[in-house]
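A.B. asks: As a plain string of letters, each chain reads:
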Amino acid sequence: MPIDYLPILVFFVVAGLFGVIALTVPALLGPHRPSSTKLETYESGKIPYGDAWRKVPVHYFKVSMLFILFDLEVIFFYPWAVLFRRLKLFGLIEMGVFILILLVGYIYVWKKGALEWE
Amino acid sequence: MNNPTIEKLKTQFPDAVQDVSEFRGDAVVTLSRETLLDAARFLRDDPDLQYNLLVDLTSVDRRDLGIEPRFATVYELYSIPKNHRVRLKVPLPWDDATEMPECPSVTEVWPAANWHEREAYDLMGIEFAGHPWLRRILMPDNWVGHPLRKDYPLGGEPVYFTADREDPRFAHLGRQTMEGPSYPSELPEGVDSETHLVINMGPQHPATHGVLRLAVELEGERIVSANPDIGYLHSGFEKTGENRRYEKFIPYTDRMDYLAGMNNNLAYVLTVEKLLGVEVPPRAQYIRVILAELQRIASHLFWLATHAHDVSGTIHSLLMYCLRERERILDIFEMFCGARLTTTGMSVGGLRRDIPGAFPDAVRAFVRDFRGYLKEYEAMLTDNPIWLSRLKGIGVLKADDAIALGVTGPMLRAAGISFDLRKAQPYSSYDHFDFDIPTATESDSYARYLVRLREMEQSLRIVEQAINRLPGGPVRTDDRKVAPPPREEIDRSMESLIHHFKLYTEGYKPPVGEVYGMAENPKGVLGFYLVSDGSAIPYRLRVRGPSFVNLQATNLLAQGHLLSDLVTLIGSIDIVLGEVDR
Amino acid sequence: MDAIVLWLTSLFPQMAVPTARLIVHIVYAAILSFVAPVVLVVAFTYMERKVIARIQDRVGPNRAGPLGMLQGFADAIKMLTKEDITPAGADRIVYNLAPGLAVIGVVLVFAVLPVAPGVIGTDLSIGILYVVAVGGIGTMAVLMAGWSSNNKYALLSAFRVVAQLVAYEIPMVIAIIIVVLTAGSMRMGDIIAAQNVPFLFTLPVAFFIFFVANIAEIGRSPFDLLEAESEIIAGFHVEYSGMKFAFFFIGEYMHLFVSAGIATTLFLGGWRGPGASEASILGALLGFVYFLAKTVLLIFAMMWVRGTFPRFRIDHLLDFGWKFLVPVGLLTLVAVALVLKLPFLSSPVLQWVGLLVANVAVIVVALAAVSLAARRTRSVALRSVAGAER
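Protein chains in written order, with the numbering used here: chain S, 1 to 118; chain C, 1001 to 1582; chain U, 2001 to 2390.
If you're looking for bench data, these hints aren't it; they were derived computationally from the structure. Since we're looking at a predicted model, the values are computed, not measured. Check before you lean on any hint, since a few could be wrong.
Said to hold, decoys possible - BS3-like cross-link-like pairs, simulated, lysine-lysine; straight-line CA separation at most 25 Å:
(1) C:Lys1502 to C:Lys1481
(2) S:Lys62 to U:Lys2323
(3) S:Lys38 to U:Lys2078
(4) S:Lys38 to U:Lys2082
(5) U:Lys2323 to S:Lys111
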């Protein structure tokens, strides 16, 4: 029921309120003496070589793509799991087929080396 | 003099060998600058000589000795397979027209020369032709002058910090050194800061053991190169030593590798004793061995503590456990000399005083307890899957590379080379004791971990033997020119009183000459090069710190590994910045 | 909670039930988002320091107040009065938003956490799915903080966070599915009700997977790569100061409590215990005590792990998640589904035994597979896990 979600909205608003208050009050309480050295990016006390916002090779890019796929497929389990006791044998076989397909894909990507770090 | 090395050199390069001398068993060959490279290659490759380890490379400014030409470079060579050593000296003809005297670089023969030559360039102002990247190494890039030259002014230069810029009290100071905003340091050649991420790891970084800076070139998390930048803790103690009497430099040795004060003391006093030609009574030698081996255990414990802490990150419990045991060793030191960390525990000619009565029992109790604790540490780490996965196969340094880079100590032994000066060239009666040199063949971080653990066991064995077989007798040489007489004797003998007075007002004066002394420190070979001009103050005092040399291997070790492994690597090299930055 | 609503409406007869309900919710939310952060952070930082100190043969905080118990408050005051710095190169909006989000994300999970009989923000029919969904907000906050700081260490940390989430979200979800399968509902109340025997004893493998994945989700040792101070200094919060810095810690410790609470609910029977019931105030209080005790026990276990294990390396971490936890999780899922459908396991007791046997079988199969794989690969860690190293 949508009304069940009202407390979550309440939580969100109240927690947001806490965030705003707790972050602004100390900002006013504390001293405020910025200097160019203080506001420099901290990199072990040296001037950084160039910006951090740049193109960086992400080694686990393939893995993260796979994650999205697997996460979506795994979500399909939830309704099944909830209704499992009512589904009789059909549910079991049906899911067995689904897991089998999932497993085939999983073994395929493993063998292809997509789960390796590089 | 019949030294096979010198004979061979003379026959091979008849014109090049200008002079041959020997002092206290150290052979010195003076070579001409032009033949240096050929001679170096010959010395390294000749099957009878095999001088594969460049122990040290340094330079001497001989202005006050009145020798022409003014500058000379000095190469201390050692052959691990043949166990012999020789020193080369290359005078550098120089006219004032050129800015610096020039010397050919030996980096292609011994890659270990790289940092040594940079140091000589930085501190002595010698140009090394053919050096891959000749930059200042210890002093700031914009420093003026070369501090180790004899005409460099002592003191009087204003030191000026940015914080004082507006302070009227400092208005009289110059504004030359720290003016303007700080700038990014120059990157070594080949480092690509455009396509790769270049990160400054250090000097303010928790895992760089002080103020080491690594310019890490990253591709994602994979290391392309990691170039150490040192000198943040440079205190110039070679220069200090050249302006102190021999005895007064001992406290400075405590502060080099401050985790191995006793070992540093030992190496230094041995070198000075070699220069003086003094014999040390056996009791003093045994006590020195006990102290040095306890210090070795303490140093390895500190290494284990910080290594486990770095690798595991947050709060691995081993840190506290190791430090707890180390405290007991420091307690023993305190019992002996009153100090814990910077001990100044030894003096030239023996020891300042004998061990107190409770000392042997304290040492025995420690040896007994520590055996058990060592097993506990092993239980925590040796077979721990995560520990294994973090250390095995990380930072492989093969024996050939290690020797070429001058790497010594546990790092070399983990590569399968059983080289330990305590066995190879025993000093301070190490040959009286029965112990093994632990080695491993994998040459990775895990092998280095195992070697250091086993070394602690061997040190325990040595300590145990020494304390049980401790001979009686004096702990100081009876050469009154070197060591002060006992207090009672001063009351009885006028001669003793004069000796005492002379020693404390003038110090001892070694004969003119030069010696090189080496000893096996926890981290590798610690070398001292002393040149005496006959006064009570060393004319040239050179320190070869094992950490300094071993650190050169960082880039080679790190390439291709992940950023996380860099922490493992720095830990497994085991550096102390006091020694690296000198 | 319904009891309080009832009490309010009877106290003020003119008040409508929805209004009373709203008031109760607002008060409850206010308690959880204003009081809980302070109490939890102070309590658990103190506990953590003391526990780790014990493990390491130290004393821990002992200066502020009796036994150092006021240390947390002292730290809080310090944080409050520190200068608030936004580095010159940072993306101001995202940079300032991230710490707030870190706390909000966790507080939102509180909404479905049954802390005592009848005391729950809202018992959603998809409660546990909601937990998984909202759990992503914290990761989002870390990612935002790491990216907006314009600091390379923070950036590396942000990448690691994503990798870690990617590797451990799936095993965690699978572990939850196993619980849902056995309980037959995603509603927190139903899951607790289904645990006449806590799932810890019937589904130990699922508990193990959930526990490990949970530590990874919070980013605590040995999975603390995102703030590995010996490598990337402090990671994503390296540029933060004062209260904004503190917010990440508040977020972390609340996350610690919440995830231990969820684990308690899913595997330790939540607030259940002798005498705990919704019927009386005393029963509810007793339930709260049980819940707290179980949660603190789990937190203690996490602290123990933290004091003992070295840190994973990023690629080992991914391997462990993808190549060990995921297949073991799927295997357990199949085994549990099969056992639940076996016709001759009609009575609950038989079913519990069956589940336990299935779990043990999965452990045996997994270990056999690991040792088989270890013989073929050169991975030292794998070999030593399987005992083939010696």
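A.B. asks: Checked against the structure, which of the hints given earlier come out wrong?
C.D. replies: Nothing - there is no hint that the structure violates, so all of them hold.
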